[in-house]
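Based on these hints, arrange chain H on the given structure of chain G.
Protein chains: 2
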Amino acid sequence: MSEKKLQFDMRLEKVWERREDFMAMNPACDVPVLEEPGHTIICDAYALAEYLDDKYPEPQLYGDTAEARAEVRRLVSWFDGKFHREVTTNLVDEKILKRFLKMGEPNSEAIRAGSTNIHYHLDYIGWLIEERQWLAGDRFSYADISAAAHLSCVDYLGDVPWEEHRPAKEWYARMKSRPSFREILGDHIPGYPPPEYYADPDF
Amino acid sequence: MSEKKLQFDMRLEKVWERREDFMAMNPACDVPVLEEPGHTIICDAYALAEYLDDKYPEPQLYGDTAEARAEVRRLVSWFDGKFHREVTTNLVDEKILKRFLKMGEPNSEAIRAGSTNIHYHLDYIGWLIEERQWLAGDRFSYADISAAAHLSCVDYLGDVPWEEHRPAKEWYARMKSRPSFREILGDHIPGYPPPEYYADPDF
Chain G
1 MSEKKLQFDM RLEKVWERRE DFMAMNPACD VPVLEEPGHT IICDAYALAE
51 YLDDKYPEPQ LYGDTAEARA EVRRLVSWFD GKFHREVTTN LVDEKILKRF
101 LKMGEPNSEA IRAGSTNIHY HLDYIGWLIE ERQWLAGDRF SYADISAAAH
151 LSCVDYLGDV PWEEHRPAKE WYARMKSRPS FREILGDHIP GYPPPEYYAD
201 PDF
Chain H
1 MSEKKLQFDM RLEKVWERRE DFMAMNPACD VPVLEEPGHT IICDAYALAE
51 YLDDKYPEPQ LYGDTAEARA EVRRLVSWFD GKFHREVTTN LVDEKILKRF
101 LKMGEPNSEA IRAGSTNIHY HLDYIGWLIE ERQWLAGDRF SYADISAAAH
151 LSCVDYLGDV PWEEHRPAKE WYARMKSRPS FREILGDHIP GYPPPEYYAD
201 PDF
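Chain order of the listed sequences is G and H.
In terms of this note's numbering, the first sequence opens at residue 1 and continues consecutively.
In terms of this note's numbering, the second sequence opens at residue 1 and continues consecutively.
Pulled out of the complex, with its shape left as it was, chain G reads as follows (with noise of 0.2 Å):
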């Protein structure tokens, strides 16, 4: 939305406590949910990335022709899907998820699978940012922002090995300078201080 320059408040739901009234503007329960200006409601956040393209074009995140669309959506479908499961779910569920939950101890054999797996992804992060400008192209697209959604999460904990992938790590740094990102990275969590270099652009 930053991005779109769209203004907007943010809202705290504590979807766990499943309350009413939010469950009838989303019966999954589950966020984000959009409210927009008249009540129209846009809930899932596949659905609500792509509406805000249709809805606000400018600049489009997604691309301009059915192909270039196709290979955004292929890139968020990596890291949504294959990214998470292969990485984020196996160190970021594992070390604080679990703990906020008081679930037990974090499976070390997940973390050691997440943490060779990222090798993979930020390698191929590497390989396309080789031949184009941003990871679906030549423009700043959707694929951007859900790799380094993911990528900064386990950058939180500290667990991104930067110095062995540099040209996935000097994409990064092209991400952490825009201002919709910066934004993002001034969240913490309460008693769980990220790494010093975490919002530093030049790290």
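No lab work stands behind these hints, which were simulated from the structure alone.
A portion of the hints provided could be inaccurate.
[Claimed, not checked] Derived DSSO-like pairs: lysine-lysine, alpha-carbon spacing no greater than 27 Å straight-line:
| id | chain 1 | residue 1 | chain 2 | residue 2 |
| --- | --- | --- | --- | --- |
| 1 | G | K169 | G | K82 |
| 2 | H | K169 | G | K55 |
| 3 | G | K4 | H | K55 |
| 4 | G | K55 | H | K102 |
| 5 | G | K82 | H | K102 |
| 6 | G | K102 | H | K14 |
| 7 | H | K82 | G | K98 |
| 8 | H | K14 | G | K82 |
| 9 | H | K14 | H | K95 |
| 10 | G | K55 | G | K5 |
| 11 | H | K169 | H | K82 |
| 12 | H | K82 | H | K98 |
| 13 | G | K95 | H | K82 |
| 14 | G | K82 | H | K98 |
| 15 | G | K82 | H | K95 |
| 16 | H | K5 | H | K102 |
| 17 | G | K82 | H | K82 |
| 18 | H | K4 | H | K55 |
| 19 | G | K169 | G | K95 |
| 20 | G | K55 | G | K4 |
| 21 | G | K14 | H | K82 |
None of the values given here were measured: they were computed from a predicted structure.
Showing chain H alone in chain G's frame:
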């Protein structure tokens, strides 16, 4: 593709063999992949479904306004995400996948969870269809395709309690009558036949 009257040939890809030529088309090494005349390659189920609607908009399967598309996509996420997690994996993965991959006995707790959860989803379909012609509104959409795809997998096992959910059953009978869907219902797993009523629109 049949709904859009697009001609195509199907090719089988044994993704677990990780064939090099296939990996070059799709580094994620999963299906579906579409090869267009002229060799444009479109990968990933989500990107591919959206691409077909972008490129061949007659008839539109995602709707004609940003709001209508958001509703279709919300429901696609509902079925591909929530239904898949709460029902399909618990029933289809346990009963079929485990058998074919020789992964041991089905987990009876998972099967019980799937059999309970499906009622809630059939009620939700009934609730939607009470007010609408099709799941996402008055036009047939990709939400119907997504819901029917998941339900047909569970129905192949004979595990959909249709008699307790008449409105959902009436909607599914209409789905079964569509020529595009009839072809799919002809697909069988060798050595594992579906119930007799499976492909019958008057079930």
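Comparing the hints with the structure gives:
no.	hint	verdict
1	G/K169 - G/K82	20 Å, holds
2	H/K169 - G/K55	35 Å, violated
3	G/K4 - H/K55	25 Å, holds
4	G/K55 - H/K102	48 Å, violated
5	G/K82 - H/K102	25 Å, holds
6	G/K102 - H/K14	41 Å, violated
7	H/K82 - G/K98	22 Å, holds
8	H/K14 - G/K82	19 Å, holds
9	H/K14 - H/K95	21 Å, holds
10	G/K55 - G/K5	13 Å, holds
11	H/K169 - H/K82	20 Å, holds
12	H/K82 - H/K98	21 Å, holds
13	G/K95 - H/K82	25 Å, holds
14	G/K82 - H/K98	22 Å, holds
15	G/K82 - H/K95	25 Å, holds
16	H/K5 - H/K102	39 Å, violated
17	G/K82 - H/K82	18 Å, holds
18	H/K4 - H/K55	11 Å, holds
19	G/K169 - G/K95	23 Å, holds
20	G/K55 - G/K4	11 Å, holds
21	G/K14 - H/K82	19 Å, holds
The earlier numbered hints that this structure contradicts are 2, 4, 6, 16.
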